[in-house]
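J.: The chain contents come next:
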Amino acid sequence: MAKTYDYLFKLLLIGDSGVGKTCVLFRFSEDAFNTTFISTIGIDFKIRTIDLDGKKIKLQIWDTAGQERFRTITTAYYRGAMGIMLVYDITNEKSFENIKNWIRNIEENASADVEKMLLGNKCELEEKRQVSKERGEQLAVEYGIKFIETSAKASIRVEDAFFTLARDIKTKMEKKLEASNPPKGGHKLTPTEPMKKPTSWLSRCTLL
Amino acid sequence: MEDEFDDYQECFSQEGILLKEAPPSHETYIDSIGIIIIHESKKDGEDLKKFMLEWKPNDITIDSDVQYQEWAVVNTVQKRYRTLSGTIPDPHVKFRCLKINFDIIKSFKVQNKGRQLTFYDGSSEVLCSFLFQCGNCDVLVAALKTHLRIGTSKRDRQLYVIYDSDSPEYQQLNKSFAALNIKHDHSLWDFVKNIKDNSYEGSLGAFAKVTNIVFSSLDGTRYPDEITKDDLNNSITELGDEIVHSMAPSLEDGVSSAFQLPPRKEFVRCNPLTEEQWDSQLNSSGQLEDVDDIKMSIFKGGVHPSIRKEVWKFLLDYYPWSSTHSERQALVKVKRDEYYRMKLQWKSFSKQQENNFLDYAQRKSLVEKDVARTDRTLEFYAGDNNINLQTLKDILMTYVMYNFDLGYVQGMSDLLSPILWLMLDECDAFWCFVGFMDKVMSNFEIDQAGMKEQLTNLHVLLNFVDPKLANYLVEHECGNMFFCFRWLLVWFKRELSQEDVMRFWEVLWTGYPCQNFHLLVSVAILEHERNALMEEERGFTEILKYINELSGKLDISLMICKAEGIFHQINDSDYLSDSVRPILGLPVIGTNNLDSHEQSPFESPDISSTGTQPCCSVENVRISPDEIAYEDSIGSNFL
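Chains A and B, in that order, give the protein sequences. For the first sequence, position 146 matches number 146 in the UniProt record's numbering, and the numbering has no gaps at all. For the second sequence, position 618 matches number 618 in the UniProt record's numbering, and the numbering has no gaps at all.
Excised from the complex, chain A in its bound form:
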């Protein structure tokens, strides 16, 4: 059976309980929002295939339970992730402060070369805002990652966020492929040829 995509990227959503991880994902995968959401127990994922610079990219996006107690199970999924969305709630100071803990968690459990992005969700609730946009930007600069404020409810910049992350992964991947695979021989890398760095998520990429 022919595959309907060029690349498969595994992404992960993490952040405190109740910041809107599932809603962001639901908005992106179904373009919908539901006020009667339930908390995530265990782990789940959704798929959406996007077109990016002429390539079909299948995004497999994993949604995790936010409560610290369940990190024992959720960290098991960090390893294979190529991109991680760190989500906080702009109306909740604590969820923003915890971003640095989540980043530490990533450093301990995910591949070193994982692409990260910071997401300040619920930006439609301007009147309840506790975390200014500037602080979000500043934190992102500190960690050298991109930042975007989104609203799953009002459908603001959710698409942008995922497309940006996917593009960054694609760029990084193609650059690495170039380096390890000089184009002169017209040689093409296939999944059967193991990459030099087995710890990298690149080795888990599906290339067709």
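Derived from the structure by calculation, the hints contain no laboratory data. Model, not experiment: these values are computed from the prediction. A virtual CB, placed ideally from N, CA and C, is assigned to each residue, including glycine. Take every hint as true, because none was put in to throw you off.
Not close to chain A: a few residues of chain B, all C-beta gaps over 10 Å, as computed:
#1 Glu21
#2 Ile104
#3 Leu331
#4 Lys333
#5 Trp346
#6 Ile387
#7 Asp425
#8 Val474
#9 Gly552
To spell it out: a stretch of chain A is covered by chain B in this simulated footprint if at least three of its residues, at any positions, have a beta carbon under 8 Å from a beta carbon of chain B; those stretches are:
#10 29-39
#11 43-50
#12 67-77
Please build the complex by placing chain B on the supplied structure of chain A, with the hints as guidance.
T.: Chain B in isolation, oriented as in the chain A frame:
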């Protein structure tokens, strides 16, 4: 000792361990929390490695990065510690660490449901004793079992004896195997190899031969040491057990009936317990006449909605089963006072107090977030400013005060929601919720050891019932059964409709026909879906998706019937089911049918007493803890 220590390296460690008893040199550290480390000798040339136990108080440990482990105990309260091993700069450290060589430790005992572990010397004097603050000692005991030769005492199932490599018992065990002369019989090793290779025919032939050798020897001669014989018998039993599992595909083809599970009986669901039946069981003082009969009826058909509210109070241990009507009235009065007293505690916090009480504020924030997204599609909880949501919150917050250390964990609001919906009374709902939580507490504990154990047990049970599927899951990175996490955490709350989940829970609360019946229901579902799960080489991702999407599609009544059938298969099968019986709280049958030896203190396959120590799984070949001693003793490496 100090020099010796340099030759050791850490091979296991566990944090959160309180020193309870210690030699006089370390009495000052009693009631301090620390870390247990097991060290092994580094010398490669030695045949037998030496091991050392160390306990180190927390204040001399440093932070370290957490290494990746699939089931790392991520302690979110305390920081994770790691020892400084070898390069300890503080000269006083060596005096503070309690170190005992395993040459001196002769036995250890597990107490208080695995929360206490005591080590003894050769004259049964206590060397040291530890309390496990997070989780229990299962992991440590399992680690000891992999490194040391350990047997269980028959007189006291919680007492483990460490075989010394030069002890008479161990020597005799070796000697007796030599006497059997099976070491040189290649068929044994072919047989052992075959077990691993899953080839049925070759193994069975060899098995028959080994059995003949062993059994004729046992019948004809009395061995000098009973331990030897017991170990041997147990090992044979276990090997037979292995064959059943590794050969099951062949058994399905009808090659042999010798090791088959009994045929599965068909069961049907009965009508729910009616008001008339319930009333007829109440005597003049309001006491239930035949509690077992009532529970059996509920197991078979559930409870009719008209009396559910009353019956659940018994099922959830709010009302004692033996209570009279007037006793219940008095109890409700007391419990009502108690509830409102606890509620008042948190209700009367000032804003300032809350700000100064971070642990409380965090719990409150979690409760508020989850209440707002609990069963909002039900009319009872729908809409803004719903009074029932406020009640849900109040109960959960009061539970936080009732059990502050556990606090609030996601999933708890799911468990409370149907109870409140049914009770329509805050206080009754609270105490029923307390009863439910008491049954599933370990699911929510901080180290998630309870969930880990359940997932492991689920795989052990599945392996017994459907080894082909169990193997498939292992081969496709699903052996950890993570994809069943949601099922087990909230007892299928997310998979079933409100009516179905209420029926299912009341069936489970009866405790019939065995403990952990929900695991058998899980096995029934997996078996029911086996073809879909193994279709097109599905891996973890596809299986997780498939299982998650079963939500709302399960025929739970059918699955309960199937699970009941599976239960009777296990219960009716002979000693081969001993490896799974403890998980269900069933007594093991043992191997008494093999010979009529006298009781030995080290006879073993009984691991039932705690119900928490199933076989360990190594590459899906299951071994009882006691068999480890057997393997070591014959120098086998087939694992």
